[in-house]
Amino acid sequence: MSTPRASGYFRTRYEHDQALLDTRAQKAWLAAFCIALAAFPFVAGAFALDLANQVLLMSIGAIALMLLTGYAGQISLGHAGLLAAGAFTTGILFKEAGASFWVTLPSSAAVGALIGLVFGLPSLRLRGLYLAMSTLALHFLVVQAGQEYETRRGHSTGVLIDPPSLGGWVMNDPRAWYFVLLAASIATLLFSLNLLRGRTGRAWRAIHGREAVAAALGIDVRAAKLSAFVVSCTLTAVAGCLFAYYRGFVSAEAFSLFVAIQYVAAIIIGGIGSILGAVLGTVFVVLFPYGIEALMSALGLSERLSSVVFAVNYAAFGLVMILFLVFEPQGLVGIWRRVQAWFLLWPFKQKPVGK
Amino acid sequence: MQLAVNIAVLAAIYALIACGYVLIYRVSRVLSLAHGELMMLGAYGLAATASLFAGNPLVAIAASAVLALAVGFLVYGLLMWRMTGESVLAAVLATIALGILLRGAMILAFGTQTQYPLQQLGWANASIAIGGARISGAGLVLVAGTALVYGALFLFLHASRWGIRMRAAGQNPLLAAQRGIRLHGVYALAWGLATFTGGMAGMLIACDAGIEATLVTIGLKAFPAALVGGLDSLLGALVGAWIVAGAEVLIIQYVDPLLSDVVPFFVLLAMLVIRPWGLFGTCEELDRV
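Heads up: the sequence lines are chains A and B, in that order.
The working numbering puts the first residue of the first sequence at 1, with every later residue one more than the last.
The working numbering puts the first residue of the second sequence at 1001, with every later residue one more than the last.
Note that these hints are calculated values from the structure, not bench results.
Here the structure is a predicted model, which means the values were calculated and not measured.
Backbone N, C-alpha and C fix where the C-beta goes; we use that ideal spot for every residue, glycine too.
Among the hints, erroneous ones may be present.
[Said to hold, decoys possible] Interface residues of chain B toward chain A, partial, derived using beta-carbon atoms under 8 angstroms:
1. L1003
2. A1004
3. V1005
4. V1092
5. A1094
6. G1104
7. L1227
8. Y1254
9. L1268
10. V1273
11. I1274
12. L1279
13. F1280
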């Protein structure tokens, strides 16, 4: 997957090159991290738990967007529209047919795949900016369709959804949600990593590099593009379905253009072209407004600016995004790698060759 | 008749905004998604100068126009010049980020209340009758102003030194730079002019309907007009504005007023499927991410 980082460790077989984890130290760290994740809900308070759930929820969509934009190189500004598609599929099926979780989740995925196909079709002819614009247009169309449903059916403030139930047990405990979302997020993560090290992921990276060369290498460019869109959109729609259940509420207001921008910001801030980046970026984007709020109350500004907290958030968010774009295009992952390299090379300071 | 007048006013709005998108795209191949916010900033600029120079509205208008031009130069000088030569995605995202930043900053600076700069200038928005249809005074000025701006831009781009430099830089930046054209100067001028025209559109809309958050949406809805006509053609922007405005007004009239926000994007998608480079645009190979 990546370059070997430990001394005395050499890859001698192809399996080593494909392995998700290289060394024993990495495995040990991962195990420790997993234990920490599992123990988290029993230690954390209600607020921290909600934050963690938000991070996990958003990480699914961010990883999906990273597959599409970071690896396959297709811009999408419409991922909030896909979340909306998943959420509204769930909401509509629940309201109109009383469908259970086991029906709405696969239907959301199916709708996501279908929309992915529709989103993807313009990509066969369009590139770069034009593609970004077509996804942006689709975002507006999908959200408008949801809004139309709301007004037509008289749910003008939004569609209420009961929490999913298994047998007689109703899932409304945040701790239970934490584990469900954690499982979903980890499943997405493993699925994506697995795709990326296989044939599909290599094809995506090839079309990102240069389409003509990819085609010359025997890659079906159309199929690769469409598969990137379908996979990414399906995952995002599933995230939308989970979002609907977690909030217990679907409304077109929740899927504004700002949400789409947040997702794009997450992968930019995290670092394009890295799954770790998608996760780091998600953590950053979710925690950022709360950080701003804490900072404001620490400065004693919160009373004076309490009515415009969201404006401060907007401004600060835009500023941070600009700073990352200008000064750290590699994102948080770039910083993380530099820190790693510093420790690896210590006491020497030169940059590693080829970076 | 009333329908035709409505279409004309809306088309003038879209055309005036769209020429900003076209100017920036044509010269620097960057799409500015902060245009709606810059427009709104222009409108707030007018409100601010109107209260500053209370009593002489003409000075206020001139001051706000200069302000809009200066903001455009500032945007390029502080942010966008760093994005020259970066990937398309990075530049577009930078403008998106700038848009969010501006939106937050404007709420902080000016509040969320709807403002009416026309009243602050001390004028009233009279309604004028033309052959059985009614048009507001600001709407009439808008149509005239758009015609004026387009005429001036055509003259500027084809007859003046700086206009020819701008077209050269848009056609081939490398060759233009080798001929001694200062690209940063040309790009900054494009941003300045685009913000100026956008700011004018913002001011005129604000005079007609007041400054609200929907101004940004109008800015975004004008983008399809630019694309339908072809992102690098001014004439195209004019034609595209008519098409989009016509479709929007007719659908509001005969189908469903709720659809008004999506009609332009529907037109955009249709155009992208049929002829992605627009009616008058040049067919080009676009960059990857």
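Comparing the hints with the structure gives:
With a cut of 8 angstroms, the hint placing B:L1003 at the interface with chain A is violated, because the nearest CB-to-CB distance is about 23 angstroms. Checking B:A1004 against chain A: minimum C-beta separation of about 27 angstroms lies over 8 angstroms; hint violated. Because the beta carbon of B:V1005 sits about 27 angstroms from the nearest beta carbon in chain A, more than 8 angstroms, this interface hint is broken. Checking B:V1092 against chain A by beta carbon gives a least distance of about 6 angstroms; that is within 8 angstroms, so the hint holds.
This hint holds: B:A1094 has a C-beta 5 angstroms from the nearest C-beta of chain A, less than the 8 angstroms allowed. Annotation: B:G1104 was flagged as interfacial toward chain A, and the flag holds, the nearest CB pair being 3 angstroms apart, inside 8 angstroms. Restraint check, B:L1227 versus chain A: the minimum CB separation of about 7 angstroms is within 8 angstroms; hint holds. Interface hint at B:Y1254: violated, since its Cβ lies 17 angstroms from the closest Cβ of chain A, which is beyond the 8 angstroms cut-off.
Evaluation of the B:L1268 hint against chain A yields a held restraint, the C-beta minimum of about 5 angstroms falling below 8 angstroms. Checking B:V1273 against chain A: minimum C-beta separation of about 7 angstroms stays under 8 angstroms; hint holds. At about 10 angstroms, the closest approach between the beta carbon of B:I1274 and any beta carbon in chain A exceeds 8 angstroms, and the interface hint on this residue is violated. Residue-level restraint check for B:L1279 is violated (minimum Cβ-Cβ distance to chain A is 15 angstroms; threshold 8 angstroms).
Interface restraint check for B:F1280: the shortest CB-CB distance to chain A comes to about 16 angstroms, outside 8 angstroms, so the restraint is violated.
Going through the hint list in order, the structure does not satisfy hints 1, 2, 3, 8, 11, 12 and 13.
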